[in-house]
Structures are given as C-alpha cells and as structure tokens.
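Enquirer: In case you want the letters, here they are:
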Amino acid sequence: MQRQHHSTADRLLDEAVTALPDDAIVGRESHETAPAVVVRADSVQTALSALRSTVGLDHCSCVTAQEYPDRFETIYHLTSYDDRSRELSVVVPTKHDGPVSESAASVYRTAEWHEREAYDLLGIEYEDHPDLRRILLPETWQGHPLRADYDQDRPQIVPLKAHANPLQEDHRGGGTDTMFLNIGPHHPSTHGVMHLKVTLDGEQVVDVDPDVGYIHRCEEQMCQRGTYRHQIMPYPDRWDWGGAGLLNEWAYARTIETLADIEVPEYAQVIRTMSAELSRILSHFLFTAMYALDVSGEFTAAFMWGFWDRERVQDILEELTGQRLMFNYFRVGGVAWDVPEPRDEFFEMVRAFTDDLPHRLDEYHSLLTNNETFQLRCVDTGELPPAVAKQHGATGPVARGSGVDYDVRRDDPYGYYDRLDWDVVTEDDCDNFARVLVRLQEIEESAAIVEQCVDLLQDWPEDERTCQANVPRTLKPTGECYRAVEGAKGELGIYIRADGTETPARFKIRGPSFSNLSALPAMAEGEYVADLVATLGSLDTIMGEVDR
Amino acid sequence: MATEQMLPETLRTMIGLPDSVLGQAIAAFIAAFLVGNVMLAYTGVAGPWAKRKITAAFTDRIAVDRIGPFGLLIIVADAVRLLAKELIIPENADRPAYDLAPVVVAGSAMLGFAVIPMGGLGPLNIQLADPESGLVYVFAVASIATLGLTMAGYASSNKYSMLGALRAIAQNVAYEIPLVLTGASVVLFTQSLQMSEIVAVQQQTLVTVAGFSIPSWFAFVNPFAFALFMIANLAEVGRNPFDIPEAPTEIVAGYQTEYSSVYFVLIYLGEFLHIFLGGAIIATLFLGGAAGPGPESIGFLWFTAKIWGVFLFTQWARSAVPRVRIDQLIEIGWKGMLVLSFANLLLTALLVGVIA
Chain A
1 MQRQHHSTAD RLLDEAVTAL PDDAIVGRES HETAPAVVVR ADSVQTALSA
51 LRSTVGLDHC SCVTAQEYPD RFETIYHLTS YDDRSRELSV VVPTKHDGPV
101 SESAASVYRT AEWHEREAYD LLGIEYEDHP DLRRILLPET WQGHPLRADY
151 DQDRPQIVPL KAHANPLQED HRGGGTDTMF LNIGPHHPST HGVMHLKVTL
201 DGEQVVDVDP DVGYIHRCEE QMCQRGTYRH QIMPYPDRWD WGGAGLLNEW
251 AYARTIETLA DIEVPEYAQV IRTMSAELSR ILSHFLFTAM YALDVSGEFT
301 AAFMWGFWDR ERVQDILEEL TGQRLMFNYF RVGGVAWDVP EPRDEFFEMV
351 RAFTDDLPHR LDEYHSLLTN NETFQLRCVD TGELPPAVAK QHGATGPVAR
401 GSGVDYDVRR DDPYGYYDRL DWDVVTEDDC DNFARVLVRL QEIEESAAIV
451 EQCVDLLQDW PEDERTCQAN VPRTLKPTGE CYRAVEGAKG ELGIYIRADG
501 TETPARFKIR GPSFSNLSAL PAMAEGEYVA DLVATLGSLD TIMGEVDR
Chain B
549 MATEQMLPET LRTMIGLPDS VLGQAIAAFI AAFLVGNVML AYTGVAGPWA
599 KRKITAAFTD RIAVDRIGPF GLLIIVADAV RLLAKELIIP ENADRPAYDL
649 APVVVAGSAM LGFAVIPMGG LGPLNIQLAD PESGLVYVFA VASIATLGLT
699 MAGYASSNKY SMLGALRAIA QNVAYEIPLV LTGASVVLFT QSLQMSEIVA
749 VQQQTLVTVA GFSIPSWFAF VNPFAFALFM IANLAEVGRN PFDIPEAPTE
799 IVAGYQTEYS SVYFVLIYLG EFLHIFLGGA IIATLFLGGA AGPGPESIGF
849 LWFTAKIWGV FLFTQWARSA VPRVRIDQLI EIGWKGMLVL SFANLLLTAL
899 LVGVIA
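Keeping their order, the protein sequence lines are chains A and B.
Taking the numbering used here, the leading residue of the first sequence gets 1, the next gets one more, and so forth.
Taking the numbering used here, the leading residue of the second sequence gets 549, the next gets one more, and so forth.
Treat the hints loosely; a few may be bogus.
[Said to hold, decoys possible] Residues of chain B clear of chain A, computed beta-carbon distances all greater than 10 Å:
(1) Phe-581
(2) Leu-621
(3) Ser-691
(4) Leu-711
(5) Val-757
(6) Phe-760
(7) Met-778
(8) Ile-792
(9) Ala-795
(10) Ala-868
(11) Pro-870
(12) Val-872
(13) Ala-897
[Unchecked claim] Listed next, the stretches of chain B that the computed footprint assigns to chain A, with coverage defined by at least 3 CB atoms under 8 Å from CB atoms of chain A:
(14) 606-612
(15) 816-824
In short, the hints are calculated from the structure, not lab data.
The structure displayed is predicted, hence computed values, not measured ones.
Quick reminder that beta carbons are idealized off the backbone N, C-alpha and C, glycines included.
Build out the structure end to end from the sequences listed, making use of the hints.
Expert: Given below as structure tokens:
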C-alpha cells in the first residue's frame, strides 16, 4: 500500500518536472504524502500555471509560509479536485533579507487570501499580488508576528479607521449614488465577529470586501508551543464551536499519525468515524437552524427544531466524550476511551436518534425546502459556478452544492469510511438552495454511517477492543506533512514541519471556511442585501477557523 | 342607521355631567381613556407574554413560566426592565423628529380605535364615535404610522435605520392600495362607510344549514376579499413574510435600531397596537364586528376573541414563513395584490349590480 502510494507520487513528480520549464526548478524535497518541487521565486506563475493546465492540479488547497534561519519559504499545497491522491507541494524559497516572491493569485484565486495571510504573519512580499494587505491583523499593525525577530512587547496602536465616523460621506467605487455600509463586526447575521465592507446601490450590492481576523487567537502559534503527544489535541475543538470539534481533532490526529508513522487500531477507527459523523450532524443542524434564521428572521420554528435535534446528538456525544462542546476525545493513536458502559444502552441511544431522524428531516423539508417562500429566496441566488468554486479553493458542502464531486472522506480515505456504505451528495444548481439540500442530505448520509458503525461496534469481539495504539510518551518526529480530513465545512488541512523536537516547528491550519469565504464577493456582488446575508449564511463559515 | 348610544354619551348620563360642550368633552376624555387603556393592556399582555408563549408553542418549547402564575408577572418585570434602561440618543439624531417618531407610531394606532364598534359589555355599547366616514378615517389614521416610521428612520442618523425607513415606505405604499381597495369592496355591499352600519349589514342570515344560521359576515360572503385583506394586513403591520422594514439579520432592526428604553417601548407598543387595530378592522369589515352567539351584552368578548385571533395568525406567520426579499415584496404588491384587488372590486361591483 505504502509502496504503491510512493510510486504514484514519483510518477506525479516526474510528470510535474517534465511540465515545468527547466530553469524554474531548483530542486526536490520529500514531504510525507506529497512530493515537493522547489521552484525559483520569480517563476511561480509560470510553474503553477503549467502544473494547473498540464498536470491537472486544479486545487490549491493551502499556502503555507515559514521562516528558516537562512530563508523564507512559501509552500503551495496542490492537488486535484478529480483525484485527491495526486498531491504535490511547490516550495518557493526566498532570501531572508527582504523576501520577495511572485504571487500565485493570478493562477489560483484562493492564493490571494492565503498570500495576504503569509504577508501579514511573516512579511513575505508577493509581487504582482492584486491586493497585498494584512488580513488577520489590523492594517496598522507593526511587525510580522511569526518572524523569529518579532518583538511582541512592542506596543500596538490599533484604531479602526473604517469606524471613525460611520456616517461620513463614503461612496467607494461607485459614484455618488452609492452608500458604503459596514455590516459587522457586530451584526446579527455575521455568525461571529466578521466585518463586511459593503457598497450599496439602493438595495443592491455593488461591492463586498470581507474583513476578517477579529478573533485571531494565534492558534497556530499556540500549537507550535504544545507537545505533539497531548498538548495540541485540545486546540482543534476551539476552531469550531458549531459542534464539529471531533472532525477538527481528527485533522490533527491524521497529520501527526502520518508524520510519526502510527497505526491506529481498527476499533478506534470505527469509534472515530462514528463520533466524527455525529459531530458533522451537529454542525449541519446548526447550519440549518441558523440558515432558517438568516432567511426568516427572528426565532422561527426551524431554528428551534434545529436546536432540539442538536440537543439529542449532544447528549450522545456527552455520554461518549464527557463534553458537550470541547470534546477533546481523540488521542494520538486512537481515542481516549471506549464507548460508555452499559454499551447496549449507549447503542440504543444512538439508534433511537438515527431511527427517528428521517421523520425529523421530513419536517425540515416541509418547513424549509418545500416552502415556496423559502425557494423564492434561495433558488438562483448566491450562484457559485463550479469553475469559480475551484478557483477559490471551495470545498465541502459549498463545492458539492456547485456540483464539484469532491469529498476527502472518499477521495483520500481515512478512518473506516472506505469500508462503509455511503454516498457523496452533490447538487448541480450552484445556488443557496443547492447548498441547503446538500447539507440536509449529508445529515442522512452521516446517520447511515453512524448506524453502520454502531453495528460494527456492537459485534466487535470483546478482546479486540483496543482504543489506542501504543504511542511513546514523547513524540519527536521529523519531516514535513500536509494532511487533510473532510471537516464539517470542507477540507480541513494541517501542515506540520517537525524538526525532531517535541513541538512543531511550523503548524499551519487550513480552515475550509477561510477559502469558502473568499468566494463571497464573487457570489454576492450584484445581488440584494437580503441575498448577501442569505449567501453568507449558505457558506456556513465559522470564524474560529477563518481567523484561527 | 345605528341607533345605539355611543360610549361617551352613556358615560355622561351615568356620571351625570351636564349636556354642555365641557361635559361632553370630559365624558369623551374618560371614554377614550378607558378604551385606550384596554387596548394598551392587550398590547401589554401580547408583547412580553402572549407573543412568547405563542412562539414557544409553535417552536416546541417552553417560554416564560417562572415569574408569577403562567409567567404572567413577566409583564411587570419587563415593563420595569425596559423603562429602567438608559435612553441612548445618537449624537447626530435630528432631535424633534427623533423624539416625536415613537409617539406618532403609537398614537396613530390609538386614534384608529376611536371609530371601531367593539360591541356591548353589560349595558355599555363600546364605541367612541361613529362618524359616517368611519372607514375612511380608520384607514387614514392607520397610515400615519408610515410617517412615524419615516421620521424614526431618517432622524436616527443611522444607515440601517434609513434603509428600514425606505423599505417601510415602499412596503406601505405597495400594500395600502390593495388594502383600501379590498376594504372598498365591502363598502359596495354595505353602501355605507359608517362602521356600525357595516357591522349591522353583516348580521343578516346568509344561509341556514341544518338549523344553524350562518350570518352574512363578509368573510363568508366574499372569502377571496377576506384572504386578500388578511395578506395585505400582514404587510401593513410588518409581520412575516413581510417583515422587511425591520428584517433582523439583514438591517439589524431597521428604523428602530437606534431606539432604546421608553422610546423603544413606544415603538413596540405602536407595532402591537397596529396588529390589534388591523385585527379590529378585519373583525369589523369581515367578521361581523362584535357578533357572536349569546346575548349582545357579551359582544365585547367576541370582539376581543376576534382581534386576538388575528394576532395569533400574525404570530403563526412569523414563526413559520420565511421573509421575502424587498424586490419580491414590491412585485407581489404591485403585480399581484393590486391586480387581484382590482379584480375583486370589479367582481364585487358586478355582483352587487346584478343582485341589487
């Protein structure tokens, strides 16, 4: 298996090297799961467009930047929407003094935001970037906090100029007939602290500029200070307070297990699969409830029902993990403990929920998706054509609502998914309604997975119920690895550079909402304010993983 | 012609005030005070308590039940809470307009109740005045509220408020016309604008089925007009699917974004009074006013039940129906409701012409 994987990787690397102009390549590196080509900083655009068009790597999953003592490095993690097993890292080193690198934003739109983040945190200048501003930190911030020489005691003065006088004449980019409107940072429908700089022409949106970073909590740095074995696992829960914590934990678990070569016992994989899908149901129900609120306003029936159904799932997860929100249940090499005793009662509890679910989902369909007013609002609004979705690196239900058949659970199998019977849900209509349908159907699929896992767990021989692999007390892996799982919002990837110490040298999180949100302007411009809100809701962004 | 005595006149003779201008004025004041307070009391019950209870029932949960029997004392608690809050006035607010707006919103609805025949309660006939132009009057004063909303939105010096005010104007213009036209179709039947007369015409028996006589309430005579009126009324009072002037989650709270404390209470009172006024107009025009089984002296209870019924309907819509978008709302108003209400008017005119 491993050997075969390597040979595909080698083939891909050969293909890539052939496609690239000779003078662009500086060297090769070996990363876990993805081979790496090292490319000159002034030929990023030619290299990436060759890889995109010739080798078919149309998905720029993530952009990582990091500092070495002698250089800065930008890594573009590329893969293909059609074949997730084709993974390639493009490493772009730049000199340490005044790092300048060519921007990839003209090849992959999603790189625009990712490079802004790299510029913000590490100060790498991207030449030819359409809009190189800070993204997570305020525009007035001094210094680049991920640099080794960053002085964190330096006082920062952070005025928010946009809010200096919210009523002053401001008609950016549309003549005098437009009105500039700040939606957020505190607004009922930004689902967390997000700020949309909106230019309106009457009720129509001329321009949207999402301003993120209000709850940037240095998650990556905190993880870089934690030891692999125990101290990092609690953090992923905090990237998503919508219930998807277990999925996030799995992202870290998968990456470190690949890096440290840890084999997870099958029994633990089944428990992981079951609990992660319950976590996904939590998140999707929250979406449904909140979306009903976005479209209807105030406390509607669908909103409260969503919370009722979440409550049942939360009860189950509370029984299993002891927690309702910050589960901290996964461990490196398995899960914390076995399902609670008496086992049959627990399984009965899960089955009671999954058996009742089709009936509950019918209610959502009759209240929302079959409601003509709801359709009036959601059909043909917030359109995201598949090509645009791919350009922005959209994944998860957002991409699947645009007919992009991409799901990491199936395309790059992990856990127990490849041995279970379930389907990847896609809808081809590309609008808000399609995204709602995708999520409602995914709840059904997740429930089907949970049911199969319960069957497996119930029949598992008693002496083979190993919850954790035998993992050393301290982990000191080496190497570089980018690994992703299918989170509730899409592809949740983590890049770790391990340098042989107990803590990561670089820990980079690819929050799916970050990329999905970057598509908002493309979806909402030209629409009504009400649709802007509905479209934003349909992306199901969670600021915890956008701002990190 | 209505023969019954109006409430001020009854009160004047009961108290024994002289039949002078002053005596009539005092009696009218007392009567208006009583009716106004009853309506305010309904609103007080509806806002902090009934609305929560009803929404909770629709959304499968329990609401206020901690304070007092059935949680009823929440009304007192909320009144204290709301009035005790700081009154925050934006720096750039346009002062007289900003302060007047809540009064206009609440007051315009109160004025409407002056001509509504609310039926008998014991020896009293609860109606403050019965001018011949009653229906025109009630539509006229009810639409003054739009002025209040515009003032609130414009004077708040807030972009969300402004958007809300513009939406409110667009919505009220689009829906007032179907509302009045549908009301006019009732007038074609009654051939009178006098409220008591409109109610009196509906007391005749429409058909008798198995011993039960069904009165000729206009909701039965012309259900189409009734449905149109109910829908237009939802837009008029700004409830889902037409709550776009406030549209929380879009424009925060629309025209009321910048109002707090007692001003907020006044605007909120105004909104609920408008729902009840809408209910009162519907009851009068389509549901036989205060008519119902039992003696006439309990008519007021039937009237109360009817306006609460309409309130319940608005809350149901609020809980279950998503909101339409501003352009869709305008389209439904001008291309749908307006055409339908004209069709209804012509049809009614034809029917009345043929029958009469």
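Enquirer: Indicate, hint by hint, whether the structure satisfies it.
Expert: Taking the hints in turn, this is what the structure says about them:
Taking the minimum C-beta to C-beta distance to chain A, about 34 Å, the non-interface status of Phe-581 of chain B holds against the 10 Å cut. Its beta-carbon lying about 22 Å from the closest one in chain A, Leu-621 of chain B satisfies the requirement of being farther than 10 Å from that chain. The Cβ of Ser-691 of chain B lies farther than 10 Å from every Cβ of chain A, with a closest approach of about 23 Å, so its non-interface assignment holds. Non-interface call for Leu-711 of chain B relative to chain A: violated, since the shortest CB-CB distance, roughly 7 Å, does not exceed 10 Å.
The beta carbon of Val-757 of chain B sits about 34 Å from the closest Cβ of chain A, which is more than 10 Å, so the claim that it is off the interface holds. In this structure Phe-760 of chain B is separated from chain A by more than 10 Å, as the shortest Cβ-Cβ distance comes to about 35 Å. With a minimum CB-CB distance of about 16 Å to chain A, Met-778 of chain B clears the 10 Å threshold, and the non-interface call stands. Listed as a non-interface residue, Ile-792 of chain B fails to keep its Cβ farther than 10 Å from every Cβ of chain A; the least gap is roughly 8 Å.
The beta carbon of Ala-795 of chain B sits about 6 Å from the closest Cβ of chain A, which is not more than 10 Å, so the claim that it is off the interface is violated. With a least beta-carbon separation of about 6 Å from chain A, Ala-868 of chain B fails to lie farther than 10 Å from that chain, contradicting its non-interface assignment. Remark: the non-interface label on Pro-870 of chain B conflicts with the geometry, its nearest Cβ contact in chain A lying 4 Å away (cut-off 10 Å). Chain A draws Val-872 of chain B into its interface by the beta-carbon criterion, the shortest separation being 6 Å against a cut-off of 10 Å.
Distance check on Ala-897 of chain B: its Cβ is at least 31 Å (rounded) from any Cβ of chain A, clearing the 10 Å threshold; non-interface status holds. Remark: the stretch 606-612 of chain B is confirmed as covered by chain A, as 4 of its residues place a Cβ nearer than 8 Å to a Cβ of that chain, reaching the required three. For a cut-off of 8 Å, the count of residues in the stretch 816-824 of chain B with a CB near a CB of chain A stands at 0, and the three-residue condition is violated.
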